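If you want the building blocks of each chain, they are given just below.
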Amino acid sequence: MQQIASNLSVLMQAPIFNLGLLIDGVLIGAIFALAGYGLALVWGVMNVKNLAQGDFIMIGGYLTWLLGKHGIHPLFGVPVAFVVLWGIGNLIYRTVICKVISRDLFTSLLATFGIAIVIQQGLNLAFGPDTQTADAQLPTWDLANGLITVTTTRLIGFGLAAVLALAVILFMKGSRMGQAIRATAQDARAARVLGIDTEKVYAFTFSLNAAICGAAGALVAMVWNVQPFMGTTYSIRLFVVVTAAGFGNLPGVIAAGFGMGVFEQFGGFIFGAQFQQALIVVMLLLVLATRQLQQRRLRQAVQ
Amino acid sequence: MLNAARCATTIVATLIVAVAPYTSRAEACEDLVLGAALSTTGIYASNGNNTKNGYEFAVKKINDGGGVKIGDHCYHFKIIYYDDESTPARAAQLIERLIDQDKVKFVLGPYSSPMTKAVLPVTEKYKTPVVQAEAASRSLFTQGYKYHFGTIATSEKYLAPVIDMAAEHAKTAGKDASGVKVAMIYQDDPFSLDVRQGVLDEIKKYKMRAVIDDRMPKDLNDITAFLTKVKALKPDVLLISGHEKGAVTAARQMGEHKIDVPLVGVTHCESAKLIADFPQVAEGFVCPTQWAESMKSAGPLFGSSSDYDKAIKAAYPEYKVVPYQTSSASAAILVWRDALERAQSLDPEKVRDALTKTDLETFWGHIKFAADGSNPSKDMVMRQIQGDKYKVIWPTKLAAATLIYPRDAHY
Chain G
216 MQQIASNLSV LMQAPIFNLG LLIDGVLIGA IFALAGYGLA LVWGVMNVKN LAQGDFIMIG
276 GYLTWLLGKH GIHPLFGVPV AFVVLWGIGN LIYRTVICKV ISRDLFTSLL ATFGIAIVIQ
336 QGLNLAFGPD TQTADAQLPT WDLANGLITV TTTRLIGFGL AAVLALAVIL FMKGSRMGQA
396 IRATAQDARA ARVLGIDTEK VYAFTFSLNA AICGAAGALV AMVWNVQPFM GTTYSIRLFV
456 VVTAAGFGNL PGVIAAGFGM GVFEQFGGFI FGAQFQQALI VVMLLLVLAT RQLQQRRLRQ
516 AVQ
Chain C
20 MLNAARCATT IVATLIVAVA PYTSRAEACE DLVLGAALST TGIYASNGNN TKNGYEFAVK
80 KINDGGGVKI GDHCYHFKII YYDDESTPAR AAQLIERLID QDKVKFVLGP YSSPMTKAVL
140 PVTEKYKTPV VQAEAASRSL FTQGYKYHFG TIATSEKYLA PVIDMAAEHA KTAGKDASGV
200 KVAMIYQDDP FSLDVRQGVL DEIKKYKMRA VIDDRMPKDL NDITAFLTKV KALKPDVLLI
260 SGHEKGAVTA ARQMGEHKID VPLVGVTHCE SAKLIADFPQ VAEGFVCPTQ WAESMKSAGP
320 LFGSSSDYDK AIKAAYPEYK VVPYQTSSAS AAILVWRDAL ERAQSLDPEK VRDALTKTDL
380 ETFWGHIKFA ADGSNPSKDM VMRQIQGDKY KVIWPTKLAA ATLIYPRDAH Y
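Just so you know, the protein sequences line up as chains G and C, in that order. Its first residue numbered 216, the first sequence is counted upward by one per residue in the numbering used here. Its first residue numbered 20, the second sequence is counted upward by one per residue in the numbering used here.
Quick caveat, the hints were computed from the structure, so don't treat them as lab data. Treat the numbers as computed from the prediction; the structure is a model and nothing was measured.
Computed footprint of chain C on chain G; a stretch qualifies when at least three of its residues, placed anywhere within it, have a C-beta under 8 Å from a C-beta of chain C:
hint, region
1, 234-241
2, 343-351
3, 354-362
4, 434-442
5, 474-483
6, 488-502
For glycine and all other residues, C-beta sits at the position ideal for the given N, C-alpha and C.
Isolated chain G, as found in the complex (with noise of 0.2 Å):
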């Protein structure tokens, strides 16, 4: 209690630390944002809930890691991740996804749960069990005699993920596909119907989000360090991001993905580390309590 108040009193002293916070935490949050788009594509076009989102941004990581222990600078890990991880993630679609796209919810999270444990083992026998990093050898950014830190493989990966997530909307506004894409969310059957190769756009959609995932754990392999087990943690916030947002919202899993950052920052400074993750399952308790809460309105006004 006395250091929760000691923190708050830094934070009111020196407001300079409050921008700190808060840089830190829009950086991150882009590489969430980022990830989390590519979970709720999937969710919402082929209402596929994906475990294995935070193992394929480990695989990603590995990529890049692997990448600059053999000397080739390790900003090159978001394309090559980004191919490499569609070519996976299209093997994985052709071989489990497209099996289980048909069936109830329980399959498909069945199914991807065991993709996320075979990728786990996988990379924990390719690469042995300890933690590894990509060191991208940047420079650091001092602002205000050094108070603020600001990295520049932070900034990079903050303007990457903006880039990919403004290239990956307007393809979904502009392209043939893109519109496919947002017809067979709609509606399937419909799209079907009218002429829509859905089983390509399926392929498509999971093999896209599988590439989000691969350039975002290159991302994640430079910022903090990349572990075979610690895809799930990922998972965890990244459901978090969508279901806060609302899938088939867009904008809103953005926005979620910054505001994840950001609260974690100043979560982790108020309360401590400990309480760093654990502050945004309360989010997203608060988050579900009160949609729930205004459906009920909407329900008893529909009756």
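Based on the hints, put chain C in the right spot on chain G.
Positioned in the frame of chain G, the structure of chain C alone reads:
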């Protein structure tokens, strides 16, 4: 054709005669099975593997040297391993399976305190003795367990010496130790929280102030918020204990945020490979270890600690610095051999009684168990990373270098 056949028969016969004495000697040694649940997957997999290497190295050495002699029989150690998936409940199940189905009568410890905590109620139930060298939580020794023997220094000793160093430094600088500010973060598990308790006791002793006292969940890989607080409050001492992942995360992010604290204590530096991966940031970190190759201790089988160091590096060339988790695992096998040979029996009760009377000099230090199963004479060795090398700086009688204060971090 016939000739060739006859020739072949002769060769085979000669071979049999030549090999016979060896095979009969090898056959005379029966297997003596030890059981272990170790993490090969999950967050403890890295040190689980280090532990396994230590076990295997000692087992091979003992078996090659004639095994364990009980009466006229000789026995070769054989270890059955299961993967506990870094999950305490799983470890407890597996130990039950080892004892109940595999009929293992002697158990080796898993890696880490949470696993061991889950395992001990099972071994007590079956009255099966356990020798473990990987779990340091103080709470393991306060439950009144009769069949549990732990060789390593308990966790409250891990980072407490750093506080002593800070106090000493304040005194030589002509300041009062009570003015020292400490910032610390610990993983949320029995081991790390015991490390915290030991530090808190020292802080109280010197009337210092803990300005930050955070805990990190085991799957957290971002401590930016904590480090921002460190920047804001400018402590004199920074302590981090979060196993291998905590050390990597801390080194990584301290470098990014240019954290400039004069005295930094971190656990698990070796297994986190800080010198190899973060040479600049880790400069000046003070790391506790159970064992250092420059320690002046020696005993049977492995010789001195530097002999052991050379031998295991030859067997496992991937070790540039041997993690103490590996050397202590080897020492645990030595304890088993010693107790079994003194008991002259494979009866768990008799072996357990022999274990209570253990009084063994080893390359790893002195091992003599107290009534609670701990090894109180064991103290930590503190090393500071100075110019890409671990230099022993504490206790003073073993020290090969002096503490560099403030640490010379160059970002």
